[in-house]
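Novice: Spelled out from the first residue to the last, the chains are:
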Amino acid sequence: MNKYVKKYLRNDKLAHMWCPGCGHGIIMHQIIKAIDNLGLDKDNICVVSGIGCSSRAPGYMDFDTLHTTHGRALAFATGIKLANPDMKVIVVSGDGDASAIGGNHLIHACRRNIDITTIVFNNTIYGMTGGQFSPTTATNDLASTAPYGSIDRPFDIAKLAAAAGASYSARSTVYHANNLEKLIEEALQVKGFSLVEAMSMCPTSYGRRNKKGTVSDMLEDYKETYININAFNKLPLEKREGKIEMGVFKNETYPEYTAEYQKIIDRLKGDK
Amino acid sequence: MKMKMKSNVQFVQGNKACILGALDAGYKFYGGYPITPSTELAELSAVELPKVGGKFIQMEDEIAGIAAAIGASLTGKKSMTATSGPGFSLKQENIGYAMMAEIPLVIVNVQRGGPSTGLPTSPAQGDMMQAKWGTHGDHPVIALTPESVQETYYMTIRAFNLAEKYRMPVMLMTDEVIGHMREKIVIPNKEDIEIIDRVQPNEKEGYLPYGVKDGETVPKMASFGDGYRYHVTGLAHDETGFPSNSNENAKRLLDRLMNKVNHNLDDILDYEEYMLEDAEHIVLSYGATARSARAAIKQMRQEGIKAGMFRLKTVWPFPEERLLELSKNVKNVLVAEMNLGQMVLEVERVVKDNAKILFCGRADGEIITPEEIVETLKEEF
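Heads up: the protein sequence lines correspond to chains U and D, in order.
Position one of the first sequence corresponds to residue 1 (our numbering), numbered consecutively onward.
Position one of the second sequence corresponds to residue 273 (our numbering), numbered consecutively onward.
Any given hint could be a false lead.
Here are the computed lysine-lysine pairs in the PhoX-like style, where the Cα-Cα straight-line distance is at most 20 Å [as the list claims (entries may be wrong)]:
1. K7/U - K476/D
2. K13/U - K476/D
3. K323/D - K269/U
4. K159/U - K182/U
5. K323/D - K263/U
6. K42/U - K570/D
What the hints contain is simulated information worked out from the structure, not anything from laboratory work.
Only a predicted model underlies this, so the values are computations on that prediction, with no experimental measurement involved.
So that you can see chain D by itself, here it is in the shape it has in the complex (with noise of 0.2 Å):
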């Protein structure tokens, strides 16, 4: 006899469980190009997105991709497009587009191995500095890491609700092993899921579309073709959302998406303490090589090291005041990274001389093993 699987219980890789999120969380638009090792998201949002009135659309390059899904989040669409290394390289520019207009935007990179080309069926985490810094200028960053399928269904819902909170592109950074290894994930209750929708505006008499009321963290977003007839532009603008050469009106631009970030970081940041009670050394980690991490400090726990991990669910917004905290009272922090050096960087900024700083990373295509991690560590003692 066959066993019946319970239907909210399924066995399938991190990109379709981040479709499924993505469906739970009101997603209604994908407008991307085809690139390894994320076409499944592609691939399953054009089967899924026209039964639930949604569009799907294969625009001719990865920059029209992310323009196409910014077109339609302003008509008041959750929209996402996906890719990987050479096509996040490409979306850089309307990537800042999506911070300066403040349009809500998920952007799936499936990580994969650079530069160039490099290795497009491999995994690689060497991207994350490019999150923070790819595009020109300063701007707010939000970026999540899962390390496994069913957080990235979770972290998909949550990516759209950041974005939608607070107007913004959020990145959701995983990895080709991620994206493609299966396991079990339980699809919760819709009545268990928080959906957070755009806030929009009810009065067209003086609507001010980049403007904020006190208590607002962002302006209300009204819909193309609601009948506000405003103006949208990647120029600095005032709070009419018309260009201002204005210094002043630049600055209180900038600050003000600055802040939607800096001002709500305990809202947004997110990250796992695992044994980290009376740990002596810390292992930092996100994404895949997280899971390298978690049996590096069992195996290390079994022997007698007081090792734990800082796992970074959300890479950018940093958490640099716990961190600091936490290096006050450990030898060693241990930055696991499949890079040749990246979050280190944040993390040496953050710890200084608190602790010392090891480095245990790659960059070959090969993912970081559980015995590289504890070898890293062990070198020192």
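In isolation and in its complexed conformation, chain U is listed as follows (with noise of 0.2 Å):
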């Protein structure tokens, strides 16, 4: 048996409840490797999610784990972070948990620089519950709740972070497994707020409705279109058409949340 799935997973929790071909087990894998990497304690890594199919993944890992309710992760995650700033935590969500219906506490998580590591399964779409077109979705994309083609515009994960305040936000996908474990390996090891936005695919949902034909097929897409930050911004205008960005839009140092209330904690004490 492969030594993380061994070390890092609920081996009885097994076999997860992710469809064929899904890309959440490849992000899930990365996340234990790069906690492996850093050589992090299991008992001080608590790791936290939402509702969904991402969210389902703290079930399968073997930390202080904490399944709360849709789209609140980020705060449940804040309450443990400052409550214990020895913690190392973790947040694992979806584009429709993350950015929809949680996405006040995940800008302001970042406009915080609490110390969390949020990393974003996403897939594009509502999977768990069937396909319905998320904030994540593509305009024209086909939902179950965008039948003749989402007219909604899409938000840029990792740029609405590095943008809220973030210290650290980065985008890779499936595909570049090896890369997707590096950046979260540096997310990790951030002081600070940082998100890693890991594009998975999702057959079930939307690749058969979108006819985005075999699982192959959805990572060969994952490989042509997304290129790395900085040879996208040498491409001209015109060849940047449908080339999407990844790799680390942020990585910068700003004061820490959990620390700053520590000092203020040092001070009144200082004042007795």
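Can you join these two chains into the complex? Each is in its own frame, and there are hints to help.
Specialist: In structure tokens form, the structure reads like this:
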């Protein structure tokens, strides 16, 4: 058995409930590899999720795990981190969970720059409820609630997080699994709010309806579409059509929320 | 010469008494969002919590406020969120989460006039049924109603104790009058206050986060970060804490959750009987309205009318057995509350034909006066 699976997953809870061909297992695997690379203490990690396909991941992961209400993972996680700043707090969330119902919590967690690492499993669809469009579904894509093509314009979650004040923001895909692992590893080392947007295919609720072919075809699409942000920026405008940037969008140091709060506590102690 | 006030005697508003009680109960975390008339609870928490090594956070909305407080409670910290009507509505889903996941938490609702934005600076008692039924699904509820600033202090401590003991959210349902009224309170000596802390496990091997052994009311609660590595979910779950779709498991879980309260009524129920020994008429009231009821009873007694008060200190669970017993010996049960008829429904359910049920209520932002209560009763003579 894969050593990461043995060491970091709750083996009695497998097999997982994700559909054949779903990309979420790859993301979960890269998260535990990144944790292993960094040698983090299993007893000191807390993984928090909301509701949806991605949010079932913590149930398989052998840490303190919290499966909360839809969209609210970051708000619960903020309480955990502030109450116990020594814990490594990781949030896993889907595109709908993180940027629709939980969008307000996302931008405010970024703004506070609280030391939480968020991994967004972005499959651009509400998979668990059967394929409704999400805030990251591309315009014109089909969904069960966009039967004539979506007229909504999508969010770019990585850029949203960067603009909202996160210390670190990056994007990769399940095709670029090694790169994804590296970005998660980087994010976990940031002292502040870090977000990695991981593009993940949903063959069942998105691919089939949008005639995206086989799972391999969908992976090939990631390979063709996603290019490194530096390479992207060098492309002439006409060649950017149909390409999406991946890589690190932001990596800066700002005051971290729980550390700033601790300064207040220390100052008040000094006043006594 | 200035009189020097004893430090344990203070002249404070109800909202401050709540925070003083909370701190004496071991309060360490506040997550919330500003809303009138509960804001002093947030402001005082912001001042006081860092002084005791606790944490205060103003979240981006009401939902996030309760979510953060639940998260903090999971790390072992006694947590609170406070709000008023509109915020109480927003918090309902996560109140249910805390019930289901059995996470201790105190929720203070300083009630104001509703519905919707309603009357932000006026009192009401319009959220009593929402306290019981606001979150979806069947669940147990403990909700306390103080009638004075002093009682707010004690009831806040009790709310924390009950939350810790029964591993559930406990609601302190005050109102704008109690929250903003100033009265003298006496802070007892620390050794005279009973403080209850959640029972924590001491054995990691075989730890069942949602399993109870014989004689245990609730499962032992490990803190996140202590190495128990367990799972918490709002889904129906088995003793291990992992989701289960089994009807049998769902029934076992819900029965246990309901019985935490239903099998411990002797410990949880709290009410006051005032001049009821020879009473022919019961005035049932609670919170700020009970003050008017008390004045009304004094006035009626002077006129020779044998009235007494049954005052709810726990509105939920409802003291139905005692009320049923009392109702058999009286002519009238008059319910006085600042709403258009909420706890009176519960009274009707319990009292049935034993006595005539009268109602004195209003929801226009004005308190009920003693005269209104007296007049409502006298209409029957």
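Novice: Evaluate each hint against the coordinates.
Specialist: Structure-based check of each hint:
no. : hint            : verdict
1   : K7/U - K476/D   : holds (18 Å)
2   : K13/U - K476/D  : holds (19 Å)
3   : K323/D - K269/U : holds (7 Å)
4   : K159/U - K182/U : holds (19 Å)
5   : K323/D - K263/U : holds (12 Å)
6   : K42/U - K570/D  : violated (65 Å)
In summary, the structure is inconsistent with hint 6 from the numbered list given earlier, while agreeing with all the others.
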